[in-house]
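Undergrad: So the chains spell out like this:
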Amino acid sequence: MALATAAHEGQQHPVKLYLVVWGWLFVLSAFSYMVDYFQLQGILRWSLILLFMMLKAGLIVAVFMHMAWERVALSYAILIPPVLVLIFAGIMVFEADYTLFTREHFFHAEPG
Amino acid sequence: MPDSTPTHAQAAMAPQAGWQSLVADWSSDQRAFKSASWGKAMMWIFLLSDTFIFGCFLLAYMTVRMSTTVPWPNPSEVFALEIAGTNLPLILIAIMTFVLISSSGTMAMAVNYGYRRDRVKTAVLMLVTAAFGATFVGMQAFEWSKLIHEGVRPWENPLGAPQFGAAFFMITGFHGTHVTIGVIFLLIIARKVWRGDFDQERRGFFTSRKGRYEVVEIMGLYWHFVDLVWVFIFALFYLW
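Protein chains in written order, with the UniProt record's numbering: chain A, 1 to 112; chain B, 1 to 240.
Hints may contain errors.
[Claimed, not checked] Here are some of the chain B residues that sit facing chain A, going by a computed Cβ distance under 10 Å: (1) Gly18; (2) Val23; (3) Phe52; (4) Met66; (5) Ser67; (6) Ala94; (7) Phe98; (8) Ser102; (9) Met107; (10) Tyr115.
[As the list claims (entries may be wrong)] Some chain B residues near chain A, calculated using beta-carbon distances under 10 Å: (11) Ser35; (12) Leu59; (13) Leu236.
It is worth saying that the hints were derived from the structure and are not from the lab.
From the three backbone atoms N, C-alpha and C, an ideal C-beta is built for every residue, glycine too.
Take the sequences, apply the hints, and build the full model.
TA: Next comes the structure, spelled out in structure tokens:
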């Protein structure tokens, strides 16, 4: 019954862990800002922005929101459904490309 | 009842990690979320639904930005400020990001001290978190008035694509509303902590139920989520 006791007393973790994660979030945010400050472009810009974004999101959810210590039944119930949003995003990329194509094809002749 | 198994025995037998624990928890014919209280589980489910709302906003933004033939304004220039004679790109948004991350840090510490039953430190850290949140909303109000002054509206935009105005006001407005609600929520819980409600097991005004320090963690989940959404808005709206 160690598990039930732990759940009852709540999440107990050393303060140092939170401070380290906090520091990393600052560093990663500074890196994201640097990407814009130095005006990196193209694939490099995109991959860095998304990498820093996912690292920050992962740290917040795993440590600050204690998802790393929850049971798999809860983690999967919460973390898997947002994958559907990514699939939706993929669908909308095709849709947006098609809309842009029709706009350029049919409306580009007349300026404005 | 012949088919009622003692719950303690079942919990002891259940696998503790991995896929087997997932299947065991969900098929156990009891509560699925064994280590999370109902309050925490419900907050997570609410946050999941909120994820879909913000996900759809960001999706809509992506779609209009990819399909417009009018040039999109460069956020780096739109949100630049001149400080001490130098023009710094996107500086306001960077400061807002650091303010919100700081507030997430103080919130995490508040949760930690709450579970140590340190009433004063928990309340003070929650108030600091609320102050950071209020600062963030104030800076957002400044940003909004700056853009409105420049003529950006949800339906038109002198800087380029009109969809920029629609996406900007919708996404940051909805996020700012979440921060504002979070600040109010923080002040209410901080007052309860300060008064010692969770030490004396005082009954709540609306629910007539005894509160626990877990409420601070549940409040923290909401607050970290607000920070989490900002991580995505910062990357996808401001840095794209």
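Undergrad: Which numbered hints turn out to be false for this structure?
TA: Violated hints: none; all satisfied.
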